[in-house]
Amino acid sequence: MASSSTKAAAAAAQSSLTTPPPEERPSSPPKNKDNSDFDILATYTHLLSTTPTLTMPLAAIASLIKLLTHSPPSTTSETLSLLSTHSAALKRALRNPIACTAGTDLFQRYIISTLQSPVSLQTRSTGDFTTTRDGLVASGEQFVARAQEARGVIATIGGKLVQDGSTVLTAGDSRVVSAVLDAAADKGVKFRVVYVRDSGTPSSSSDASGVGGDGMVARLRGKGVAVAVIGPSATAYSLGKVTMVMVGAEGVVENGGIVSRLGTYQLAMLAKSARKPVYVVAESHKFVRLYPLGQYDLPIQQTVLDFRDRTDDADEGNVPGGTGEEKRSGGGEGDEEAVDYTPPELITALVTETGVHIPSAVSEELIKIWY
Amino acid sequence: MPPPAGTLTPGLASFLSSLKSSPIETSVESLVSLLRRRQIRGSRSCAIATAHLLRMVLRNIPVRDVTKLIDRVQQIGQRLAEAQPKELAIGNILRRILGLIRDEAEEDRDREAGGYGETGIGSRNATSITSPDRQPGPTEKRSLLAPNTSTTAPAITSLFSPVPLKSASPTSTPGTHTPGGGSPIAAPLSSTPNTAQDLRAEVVEGVQEIIDELNQADDQIAGYAIDHIHSSEVVLTYRPSMTVQRFILKAAAKRKFTVIHAGPFPNDHWPRRLAGNPNTSLDDDEGNPERFQKSLTVAGVTVVMIPFSAVFALMSRTSKVILDPHIVLADGSLVAPAGARAMAQAASMHQTPVIVLSGVYKLSPVYPSDVKTLIETGNPSSVVGYDQGSLLEKIDIKNPLFDHVPADIVDLYITNLGGHAPSYLYRIIADHYRNEDIHLMRSDLE
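Sequence lines, in order, name chains A and B. So the first sequence is residues 1 to 371, counted in our numbering. So the second sequence is residues 1001 to 1446, counted in our numbering.
I should point out that these hints are in silico values taken from the structure, not numbers from a laboratory. Everything numeric in this text was worked out from a predicted model, so none of it was measured. Fair warning: there could be bad hints in the mix.
Said to hold, decoys possible - Think about it this way: if two alpha-carbon atoms lie no more than 25 Å apart in a straight line, the pair counts; the simulated SDA-like pairs of lysine to any residue are:
1) 187(A) <-> 225(A)
2) 241(A) <-> 1407(B)
3) 1372(B) <-> 186(A)
4) 272(A) <-> 345(A)
5) 1256(B) <-> 1233(B)
6) 187(A) <-> 1373(B)
7) 272(A) <-> 1412(B)
Build the full structure now, drawing on both the sequences and the hints.
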């Protein structure tokens, strides 16, 4: 990693952390029992919308760091309880808290182990808590900056999977996939891309690169990579021409499965039946301690299946055929898209910044991160 | 064991015997050219040659500085690996030796650090959420089971590695100075900057252990034979190496069973016929088929030779398929002599268990991003001879010597550590190689 890019990323994170959050959603539900003047949800959404490169777990961590600077705790236990109440509030406020949970849990875990470290104990015995707190904040910010570099590392590792003459099928406009494909294209690999576009409304994804993958498609085409854009119904038809499927993820769960945009599961199923490898590219801070047993076992609220009969239709006016379409209730938060769970059997390997892992190695990585 | 003692022909035996008498640089050169000329081939032979050479290097290089030692070993190792990029075993041995050096260096550093590392869970947290091309740091932990997990105190997770709290950090940049210490049990704080000699002694000892492991792997694997081959079973083998032969013989000492031996056309005899050199079979330690059959018959095993084309037909009667890999990759797939995939596929069609016998030295941390680069292509004239001149002008002939067998059609791996599911191999790999060494051979797969 070049040091200049490190500094740039650090500066970006820094600036994103220092800009004050606009009080744009005063009516949002977070219930802050203490320090009621800090709106964690507003900070979180603001960070996500202003810094397009920021992933959800990192935005959550950055919000918690801001919390520490905003309402400085003076003791260890105060710090911990502050963090846990606000993490809980943030998770409650989001319809899909999986990605953000990965961040808040990781950060709380980190705070605890930092406070327990001998150096910290030493500092605390000599100095006052302010020093320790400042240390936590500073290293947390550094963590955010460094975690953002992970994407570049993944691009290098993942770029190797893309070989001359191959065709990569992707969907969902993942930023990491985009980085991987860019890296491969920059390296001069001759490959083609099939992009599966969402059939529904243009997605309002949180990145500024374009709507629903247009940015990625245009950029790749600009680099001389031939891109075919297809609808989801053409996926099975196209798979015969495809060498591999590469998707991003919102969260990677303990058994090596992923939680990702709606449609990833069926894409992986199709790829499996066509015997094409499915690679998931995701930063390891997206690893989350969750063990879903199936599609409906995720701690999120989403109404993908909306069964209706005559009476429902009469009540609501018209809206025929609501099935299969996401019912948007949250009202336009970038992360509030329907997700599904792709079980590990359908995944060939996960590409993270620590290397290429088979799904069964995910629990190991989680243990390494956590303990 | 080492191949034929005909020391006149250049090969592993001649290399090993000349190792002591020649200077390091000459030995490196000679091994590089032996590898290039394929006079040393097969994972085992390559591993043995690499380990012996690097042991010599470690013994003889006057180095005070651990970083320089690592650099030197890495440099030589890379030359060997580049000489024969398809022999991943060279890289495996190199990685393990580098890991040894790093472990010893860390142990010394920890002792110097005055025992910070022993306290707090934080110290056990070294994680690998760092870029793989990061400088080898003390924070990268090999595994939770590794005996020495204590690293420096502020290395909570290297995700964070808190700078402001680092004031008391005992390790600055790794390797700026890393003097060796005494033996690992020696009293802490006793190390002085000029005891790199001790560190080297420890490492050489470790390399010796690796060499012992290479020599014992077959016997250790054979030790599990009784658990897997039962009375009156029908075992199918293909291109059995000494490993498979010992495995079967061990079981034969107690049980009566049948071995079906599929004939490996077209690569069964060509190297010998071609070069007139008994050393250049596909794998140095590949058993001679006739000798294999004879030794088994003597041991009371019924041996049936079949042509490869009959494998599918006989699969329904087979209770087990035993394969021997050339190399095993990080995702649990393997590279084995051509035909192995067809055999494994046939076995999985019939729900017949496929067992792979592999020493740990064959486990490579390399993820097969491009399988094609791992497959060696052999002499096409053994498929279609030059006597078919008119045909040769019209067609392309390829004779791949190896197959890539995906992990999902393998049921069990037996290594010298025991039996493992293919999905568990990553764990063993993580135990044996350090993260910073995995991407050592970047050029391998590019």
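Status of the hints after comparison with the structure:
1. Straight-line distance between C-alpha atoms of residue 187(A) and residue 225(A) comes to about 12 Å, which keeps the hinted pair within the 25 Å bound.
2. Straight-line distance between C-alpha atoms of residue 241(A) and residue 1407(B) comes to about 24 Å, which keeps the hinted pair within the 25 Å bound.
3. Taken as a hint, the residue 1372(B) and residue 186(A) pair is honoured in the structure, with Cα atoms around 22 Å apart against an allowance of 25 Å.
4. Restraint check: the Cα-Cα separation between residue 272(A) and residue 345(A) comes to about 9 Å, which is no more than 25 Å; the hinted pair holds.
5. Between residue 1256(B) and residue 1233(B), the direct Cα distance comes to roughly 8 Å. Compliance with the 25 Å bound is thereby established for this hinted pair.
6. Of the pairs offered as hints, the one joining residue 187(A) and residue 1373(B) holds, with about 18 Å between alpha carbons and a cut-off of 25 Å not exceeded.
7. Between the alpha carbons of residue 272(A) and residue 1412(B) the distance comes to roughly 22 Å, so the proposed pair stays at or under 25 Å and holds.
Of the hints listed earlier, there is not a single one the structure fails to meet.
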